Every structure is written in structure tokens, then in C-alpha cells.
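On the provided structure of chain C, position chains G, H and S as indicated by the hints.
Chains as they are written, first to last, in the numbering used here: chain C, 1 to 358; chain G, 1 to 358; chain H, 1 to 358; chain S, 1 to 358.
Hints should not be assumed to be uniformly reliable.
Stated by the list, open to error - Pair ranges (Cβ atoms, derived): (1) H:ASP30 <-> G:ALA122: 52 to 60 Å; (2) C:ARG305 <-> H:ASP307: 40 to 48 Å; (3) C:THR247 <-> S:GLY96: 33 to 41 Å; (4) C:VAL32 <-> G:ARG159: 52 to 60 Å.
Rather than coming from a laboratory, the hints here were simulated on the basis of the structure.
The model shown is predicted, which means the values in this text are computed figures rather than measured ones.
For glycine and all other residues, C-beta sits at the position ideal for the given N, C-alpha and C.
There are 4 protein chains.
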Amino acid sequence: MFVVMNAAASQAEANAVKSLILAEGLVPYDHVGAERLVIAVVGEIGARKPVLISRLEALGGVESVTPISRPFKLTSREFHPEDTVVRILDAVVGDGSLTVMAGPCSIESREQLRETVEGVVAAGATIIRGGAFKPRTSPYSFQGLGVEGLRYLAEERERTGLPVITEVMEPNQVDIVAEYADILQIGTRNMQNYSLLTAVGRVTRPVMLKRGYGATIEEWLMAAEYIVSSGNPNVILCERGIRTFETYTRNTLDLAAVPLLHHLTHLPVIVDPSHATGKRWLIKPMSLAGVAAGADGIMVEVHPRPDEALSDGEQSITIAQFAELMVSLRAIHAQVGDLHGDPVLPNAVLKVGGTGKL
Amino acid sequence: MFVVMNAAASQAEANAVKSLILAEGLVPYDHVGAERLVIAVVGEIGARKPVLISRLEALGGVESVTPISRPFKLTSREFHPEDTVVRILDAVVGDGSLTVMAGPCSIESREQLRETVEGVVAAGATIIRGGAFKPRTSPYSFQGLGVEGLRYLAEERERTGLPVITEVMEPNQVDIVAEYADILQIGTRNMQNYSLLTAVGRVTRPVMLKRGYGATIEEWLMAAEYIVSSGNPNVILCERGIRTFETYTRNTLDLAAVPLLHHLTHLPVIVDPSHATGKRWLIKPMSLAGVAAGADGIMVEVHPRPDEALSDGEQSITIAQFAELMVSLRAIHAQVGDLHGDPVLPNAVLKVGGTGKL
Amino acid sequence: MFVVMNAAASQAEANAVKSLILAEGLVPYDHVGAERLVIAVVGEIGARKPVLISRLEALGGVESVTPISRPFKLTSREFHPEDTVVRILDAVVGDGSLTVMAGPCSIESREQLRETVEGVVAAGATIIRGGAFKPRTSPYSFQGLGVEGLRYLAEERERTGLPVITEVMEPNQVDIVAEYADILQIGTRNMQNYSLLTAVGRVTRPVMLKRGYGATIEEWLMAAEYIVSSGNPNVILCERGIRTFETYTRNTLDLAAVPLLHHLTHLPVIVDPSHATGKRWLIKPMSLAGVAAGADGIMVEVHPRPDEALSDGEQSITIAQFAELMVSLRAIHAQVGDLHGDPVLPNAVLKVGGTGKL
Amino acid sequence: MFVVMNAAASQAEANAVKSLILAEGLVPYDHVGAERLVIAVVGEIGARKPVLISRLEALGGVESVTPISRPFKLTSREFHPEDTVVRILDAVVGDGSLTVMAGPCSIESREQLRETVEGVVAAGATIIRGGAFKPRTSPYSFQGLGVEGLRYLAEERERTGLPVITEVMEPNQVDIVAEYADILQIGTRNMQNYSLLTAVGRVTRPVMLKRGYGATIEEWLMAAEYIVSSGNPNVILCERGIRTFETYTRNTLDLAAVPLLHHLTHLPVIVDPSHATGKRWLIKPMSLAGVAAGADGIMVEVHPRPDEALSDGEQSITIAQFAELMVSLRAIHAQVGDLHGDPVLPNAVLKVGGTGKL
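If we strip away everything but chain C, and leave its shape as in the complex, we get (with noise of 0.2 Å):
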């Protein structure tokens, strides 16, 4: 449940409230909105919900109490209707602009990373991506270089101004890849990975936590509400195609849950074409119905050489291709800004001010 405090409510007020609230034995989570605050209940509330009510009903300040009805509870845009921005270094994802995360699937070497780096930069990426720590199906492939290439990264930031994102992979990894990265990415294995949730929920880093393949979109935002719940409301979500029977692509690129997305919750949704593929050649026309989904941006892998790469060659695009994907996806992105209007939502939610897709 959430309790809207009026526009008057004092801070001592709001305390009052939180006591009750902890005194239950229950976790009270801020939301400042633009006219109010709003402080959820988060917890096992079960039976006593009703007498939770009235008592909270009954103290100073308090405009209104509303339950919620999902699972998930700070993600939800009942709780937060405005949509969350997060800003990195000069990037930022979900205020309406195109976000484009690109760069190599593993970093190889400096010079690899580097040549990939210029060319996607000249091209318009605001993002830069690359493996160091790689979760790979066979215990005798290719692993990443680790902290090495967590170095290169850091240089490329340093060189071109831009962030870097870059997956983690347990949490023992958490600081050292946050010393390095900007943005920290949890893949989709480990998507209910509950250790690594919470512990990159204690860091201050954004971080961007994509599907699980075989994960439902309550699952996926209940992953997210590990994440929130620890500390760390910056969550960008990556949708990167779930698995079914049709064989002709890796996955299958579930593009619904884009606006589904929009409207169960305020996070920023990004698209992942590369993975969800696993064909160099389907990667343009999926990241530009992405974005005429109303994605806040995509995340595509490039490779000077794909046929040289030691991971994922044959879904990376080179240098050229992403020049020209750029072309198209600023095309359709000018496009579609005024297209997204709000989602008819099916019950009224809880108006507390800001603005944005709601």
C-alpha cells in the first residue's frame, strides 16, 4: 500500500507516519513528487491490511491510503507515476531522447576496443558497451579479459566523455566493476540472481538489468522491485527476446512488452536487437520497430571485423552498418516523440504530479 501526504504535510508528519510503519515491522519508502510525498508499505502485510488502514488514515497529514495491487510495489507507476530519468555523466536515458548503447560484445584487446569506440562515437552512440566479465554456456570458452578489460573501458571514458556499461556477474564483482563502469548491466541468466540484485542495490551506479529469457514481465519488474527495494531506484530494464519454439531466430524479440512496460512502471526500457536476433542483417529493422515501440533507446553490439570476433560474430554489426542504422533510427525516433501519447491506463492511477508517458 502507499500513503499520499497532503501538499501541507509537515516533516514531522511524514515521520509519524514512517513509525507506525516500522513499528509494524514493515520498510516505509519514500516518493517525492512534484506537489507531494508519497511513502510506501512494503513487506507481508496479510490480514491486518484493513486495521493498517484506518490506523494510518487516522494520523496527521495524511491525504489518502491506497493499496496496490501488483506484486511489485516501487516500481509500479501507481506509486511513482512520473517516469524515472536517469542521468549519467553528460548521458541521459528515459527523459524522451535516443539512447544508443554500442560497442563490442567481449572487449578483445585496447585496439579493438578503441577502433570500435571511434567509429560508434563519430556515428552518434551516447553509450559505450563491452564485455570484460562474459557468462558464457561452455566452461572452456572465451571468458573476458576481466579487470584488463574493465581498464580499457575506463579509458575510453576518459578519452571520449561518453559513459560505459559493462556486465557484472557476482556479487563479490560489484565494486570492482562499479570502481570502473558507469553503468552496471546484470544479464539474463542471472536476472534472478537475488544476491547480485541486492547487492548492486547498495551501489550508487545506475543499473541496467535485462530480461531473463524464460522470465515473465511481473517476474522481470519483481527482479527490478530487488534491486529498488536495496537502494538504487536507477533500473533501466532491457528487453533481449525470450525463448519459444521458433527456431530461424535466437530468441524471439517480445517488442509488447515495450509499452506493457510504460505502463506497469516508470523505468526506462531499452531493446536489445543483437541478442534477440542472432542475425547481423535483423538488427536494423528491429532496433527501428523498437523505437517506433516507444523504446527509450537500444543496445547493439559492432565489431570492426565480425567474422573475427570471439564471441557472438555473427549477430555484431561492423562500423559501417551502425553509421547507417544511426541514419534510420534518428529518422523514426524524430517520428515517434509525439506519436506515444499516454497509455489509455485501465484503472486511474494516482495523479501526484510531474509529467511524462504516463
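Below, chains G, H and S alone, put in the same frame as chain C:
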């Protein structure tokens, strides 16, 4: 396999090739390209392939003989490199223009159909849809108005001059539906109803073949192959979502199928966001995404008062929403024409002439 | 809903109930239980339900009126608590005995069928299977011997005295297939071919309905409802695997469907491990598992020389392997009879009489 | 690839083989068969394969060098033809005996655990299960008693003499869980948590690896390969259902995985019908089916009063139901021992000695 005749080949030489094919118990199919004739050889060739190739190559007027590795032959880009363009009355599907099929899920009455058609035509629909025979999961649900519905549809064609499309459910219905409708639709549950596919392959009306909700892209093209090999080359494919574990949407719209199909086949591709999502407010973003992915058009369910609809009301949009959708669709479509170039083909294909998406 | 007449109700009282149902535009179906008559009311009842219940309860001879919450009515355990037992010649399906349907995927010749039948009958098969009309993904694959195959099947029935089962693919074939075969099979691709379901619902031959490879259990039962509500109560269900992301097996055999169906419906359930797995060496363990899960029997493809088969050879077992399978099946079946008691039903159901799996 | 030493090969000859492997940057793994030693070579071999085979074949004591075509090496039947038998205290898994792991989903209190253990041990359970660290979809659900739960588990081992199994969720927990528990369980959400797999690969406790709900059999074996290649050969696989479009059951239990795994790998296979079905009354038939399919045992959730359980009550059976299940399981298990012979292998495999399912 297919036999490419050289540009100067005579009719007699072509006949000699076909005679040899027939003598082997196989069937020849012509494809008259811009510059030369190609003859497909279909049937179970098996172990005699090398000998048969030698014998065909030895005939006069034969330029080359090429095996087709894919199981679909007549529907493949290899055999027929130029796009198939389907013309019905003044409507054209597959020539780069934007096709929009709109109308009610079920025809409920002459008035309901008329009101809907007036609205969608005013907003720019190019083809009128309406269900007369309805396949329903339950034998106790409304099964459609039948022939009475067909008559109302035909009236709307007379009034508007636009072609009408409606579903045919069994071989015995093909003649009566073809009498009233301009395009015959095969529904998702009947995608592998081979008797029905063969029956619609014998009429002159174009056929729109929806993807089975559990069918792979290859099976879908094999179903189209049944229609084309029965004599009807005018097949339009319609992606309408596949069944996955995700339950927020009714089905998962597989938009990667759009560029994949443009790569594998010469047939036009339509996207149906109504059945794919089952949610009214997802229709607009998914329509835009479909067109951005390169679809030749969309099919959408419209109802004057969706909440009163006898079937699928929750996924129908109002006439006003349809008008707004058309504005957005045109904006995206105006961009994509130039963006989708020739898909990069994995292996060289026969260039018989013509232009198009190839 | 259904109306339970009391044990002493007269025929005139039953007729009065049916007249009222018919007057409402609905259809009454009888179920004569061991002690009393139950009349199901099918059709779209909608908002008039409470009034209709009151009016029916007020009639003479009516003991109670109960709504059926599930969308399937005549096929539900609520309406028909005792197991349906299907008798064909001397074979009985659904009475606790072990049904084994065996024979070739396709009938290739009189000799091939005879050789197979002699082998499987000697080993203990109770019903002979063989395909005459074959639904094939490709229009260029062997489509079966047609009526010639039916004649060979009928010869085997004459020779062995055992019933024969074969597939029917379209409404126009129903009469000819019913003339030669004892059980009509509806294949997986036609599970929602409603014209065909209605057509086989009008003949007196039992029907075996295979599950659609992309169909839910509820849709499967609704398909059976089409047959039963058209007048044919003798429906056998056949689980043959569903389509999933796993690619080692052709399909994923959903054995939990067996006890689920025994819980939801009174119809017998057969398991087909041949199509489910697509691998010869998985047939034995999956047959044993199916019988252990409570299936009423199995259907298995047998070929004298599987490597020479015209269709599905890789999933056919030899006659010797079939004989060995029968020994194992009997050992497991001898155990399970006592092990499967009454499934625990989530809510009390009407006990009209009879015994069985309920 | 793997190197088969001849029966008379000396230790020095084996060492020479391993030195050459190490000098190439690859890793040798021993498998001591009944008659001779086999050394697997793992790592990225790539283009040097033919040269490496020649060089190895030229060494003294080498009988043959064979490539392994499958991506899993140490877990494959090719490398290790005899069944792996895991021994923990007096329990044995994989030797043909019936393993039954039973206990509560979550340990809720010392009393609840004790009451359950007394019941299941009296009925014949061979291993005690209980959750102390619980992976929960929601961060607000009961997360388990943690170390306190581990202590209660250890008490039950002392009292009963039976081994205990419990889940470990992150690398940092491995030591503490290994201190209290006899078998470490990796849950479905962590099947591709490679840091965790490597961590449990470094301890001496056996590991039970559950299949990811969206994972293919090949990915599952690759996950097991991570554990075995890290040094721990005692891995037990547990099939617990995969995610499909069917919604009546929580997951779809893929029982064909049981004989497939016995064919592909030497590791024992357990079936978990509780999580697979999510319905109490499906546990018995699916347990029987699992054992009939050849599983080495089952894992089942038992609770004294399922309706009061803090987690997964709807899929837990009572102690009385468990006792009845044991009777049925033993009856089926007594039959299957003789029924499952050697699976027919598609290609000849190295017979190093030993007996078993191969």
C-alpha cells in the same frame, strides 16, 4: 530444383524441359521473370537428383539448373526474386504502399458494419474486414451471421469501392465466400488444414494466410506452398502472434518474422496487432512497430462501441482511435520506405530481374 | 448449468424441463446416470441465469440446478462423473484395461500393413492403426494411399477381428473413412478444425482427438465439446506432445495432462510417445511413464523395417521391439490399477452414481 | 577429445600425455575406468586438432585418441561410460536403488522440521530436504530461516543418520552450507549462475543441480560441466519442469529428459514433481511416471499441515499422503529395474568397462 532458361530460349525448348519433368512424375511451375523464364521442379526427387540435373542441363535453351535447399520452393526468394504484388480492385498490397485492413471482428448487423466502415474509410482504410463465419473455441459462443454477413460485406464493397476480406473455414464454404468477398482469409487454427489450403489454391481470389499460433515460420511457408502449388499465386501472409509462456499479452507478436519473411519469400506480409496483444491500448505502438519493421500493412479490429461487441471487444479500438492511429502510421510509413534497403542475403540468389525488397 | 432430476421423476417431468430449456433458445442434453437423470443446458445463458435457475427449480421432479463453472460442459466430470467407456467390436477403452494401438505411420502397401499387423497382434496389440490420408507439412511429400489404404485396413479387421483406427482430414472424407474404419482419428493440426469436429460429431463411430501441438488442455476439451455436443459421446483423447523451446525431442510429452484430464473429464486418455519424442529409443520409457501416470493406453508406430519407411521411420519401432515393449507395459500396468485411487477433487462434485476414476 | 591409454600403460606414460596437454594450454582430466585410464582434453582446441591428435597418438601407452562431438565433455557418456554413483553417508544415488528426498519446502521452525522428518523417515525417505535460504520472486516474501534453519537440519541428520540436502544461493554461502548440509542444491533460477557453479565445484559435497525452467538439456549439461570441470564429480541432476504456454500446471514436467539424460550423461537423475506441477494431487501420478521413465529417484515437498505452510503449501503433500506414495513408488520401482535395458546408442561409444545403464 529450378531450371533457368536462357534469354533466347524458345517456347518449344521450354516445352521440352517441361515434358522431361512430367515424364519423371514431377510437376513444372513457370515463373516469368523480367528477362527470362524459370521453371521450378517440384515433387520428391530423391536420389535421382544428379542424373536429373545432367539431363536437364543437356537440353536446348537451358542456362543453368539449381537445387533449392529450402523445403519451400514456389514461395521462396530463390525461385521468385521480385516481390509479389497483389492487386484487388484498386487496392495494391506489397508494392511499398501502406495497406490498412480495418473493420469489426464479427459482423453483428448491417448497421454495425456500415457505421464501422464509414468511419474507417473516412480515416483512410484501404481494405474492409469483417467476420461472417467465426471460428470459436467454444461451440456455445456466437458463430457469426454466415451468408447474411457476407451480403452485408458485399454491400459495403459496392458503396465504397474498396475490396473486402473475410474468413473461410472449410472447403465447402470456399465457393460461397469467393462469390461475395475479394480476399479469402485463412485463420490461425486452420493454417495446417491442408484440404482448405488446397481448396483456396484453386480459386482466383487472393488469400491471406494467418500464421498458426504454434507454427514455425518454415511451417507457415510450407502452408503457403500448398496454396501456390495448387494454382493460386496471390498469397498474403499475416503475422498475428505466437503462443509463449508470457501471459500479460494474449500472444507474443513475433515482429522479427517480418524482415525474415521478406528475406525468405516474395509474398507480402501484414501484421495483426489486435489478436497478437488482446489489449486495445497496445494496438497503436505495435502497429507502428510492425510498419517500422517493414510490414506491408496492418489488419486491425475496429468497433463503434467495443464494450458492446459480441466478440473480442477488449481488443477492438474505436473509430476515433483508428483515425488517430492512421495519422501516426502514415508518419512512420513515410520514413521507412527509404530505410529498408535490400536485406543482406546469406548466399547469392538468382537475379532473374525485377526490383524490390530483395 | 445442469438440472438433476430426482430418482422418482417421470418422463413427462423430464420433458417439461427440456421444453422450458428449448423455449429459451438453449439446448438440453441427457446424461442417464446409475440412479437418476441429469440434463445439461448449453448455449449462451448470460444475465438470465438466476431467473432461469429459479424457473427450473420450480418444475416438478427437479432435485437441484447447478451452474457449471468450466467452459466445457458435456465433457466435464461435474456433468458426467463416471468414466466414459468406449466399446468397439471386442475392444474396450477406458475400463481400466490396457489399450495398445499399434501399426505403421503410413500404410505403404498391403504387404507392409499385413506384416506389421501380424507382428503387433501376435504381441498383444488391441487396436490396429494405419494412416491412409496423411497430413504432411510439405505438399510434395507422400500423401498416403487414400481409399486403397482404407481397404487394406478393413481387410486386416476382417482377418484379425480387431478394430482399426485411421485419420480423417476433412468433412468430405468422414463418410468414406467411417465406412472402412472403426475409430476416426483427428490429427494434431486439425484439433481446432471446427467443421471437421462437427462432422465427426454426427457419425456413430468413436473418435480419437489428438491434442493440438500448441493447444492448452482447456482448448482441447473445448474441441472435444464440439464433437460431443454434435451428438457423438464416444471421444478418446490422445496426448502427443506440445511444442516448447527444447529441441532434443520433437515435442515435449506433457504427461501431467493424463491425471489432469482424468480429473477434469470422464473421457479416456491415450498417450502417443512416437510423435511426442520423435526418437525410437525414447518410446519404451515414455510408454511406461504414460501408463504409470494413469493413461488408459498408448498408441505406437511400428514398422517391419523402420529405416525404409516412407514417413516417420526414425520414430517407428520394429516388431521385435514392440513385443518387448508389451512385456514391460503389462508389468507396469499390473501395478497401477490399484495405485491410482480417486483423484482429490478441489470441490465436491455431483455423485450421480457409477464408479471409476473419480 | 579424449585419450584412451592402453591397459598396460605406465604412470610415466600417462604423465607424458598430460604434460603435452598442459603445454598446449589445455587441461587434462582423468577418468579411471575398470580396465584402463582415459584422459579428457578440455579447452579451446580449434584448428590445431588434427596435429594434436597425431602428436598424442605418437606417445607411448596411448591406445587411441577420439574427438568428442558434444559440447559437454566430462559429463558425457562418451568420456565416462559407467553410471556415476553418488554415496553420501549410508545413502546411495544412481546405483539402481530408489532415492526419495522428502521434507518441507521451507524450514519454518525446529518443531515443524522435526515433525515432518519423523513422518517421512518412518515412511522410508532416504534423504531429508529442507529450505533454509529461500530464493523468492518477491523481495517481500519470507526468505527462510538462514543459518538457524541449517542448524535444525544438522540436528535431524544427527538424530536420523540420513543425509540432508538444502539450497545454496550465492558463492559466499557455500562454505557455511557445506558445513551443515550433506548435499548442496542449486535452484532453477541459478542454473546459469556460473560463479556459484564454480564455487560448488570446489567443495567435496555432492551437488544437486536443478534444471533452469527455461533451459535446454544441453545448457543444463553445460552447467553441470562447470561443476565437474571445477573438480567436483558428484553431480546429481534434477528435472523440475520447464515453462510452456500451458497454464493448468505451474510448469510442464519434461519426463523425456530422464531417458535422454541417461543416454547423454553418466550422472544420476532425480524428478521433482512438486515444483513441476504446483498441484498436490498431481504429485503421486507424476512421481510414479518419473520412476517408470527410469529416474533414480524423486524429491518431494511434505508438510504436516500444508494449508499453513509459509511457502508452496498448495504443492506440498501431507505425511499420510507421503506414506501412501512410498507404497506405490516401491511397487513401480520393483518392476522397472528389469525393464530399462541399455538405451540404444546412436553411435558406438567407448566401452572402458563397468556396467550400468549404458
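Quick rundown of the hints versus the structure:
Separated by about 53 Å at the C-beta atoms, ASP30 of chain H and ALA122 of chain G satisfy the suggested range of 52 to 60 Å. The beta-carbon spacing between ARG305 of chain C and ASP307 of chain H, approximately 46 Å, falls within the hinted interval of 40 to 48 Å. Between THR247 of chain C and GLY96 of chain S the C-beta distance comes to about 37 Å, which sits within the given range of 33 to 41 Å. The supplied range of 52 to 60 Å is met by VAL32 of chain C and ARG159 of chain G, whose beta-carbon atoms lie about 58 Å from each other.
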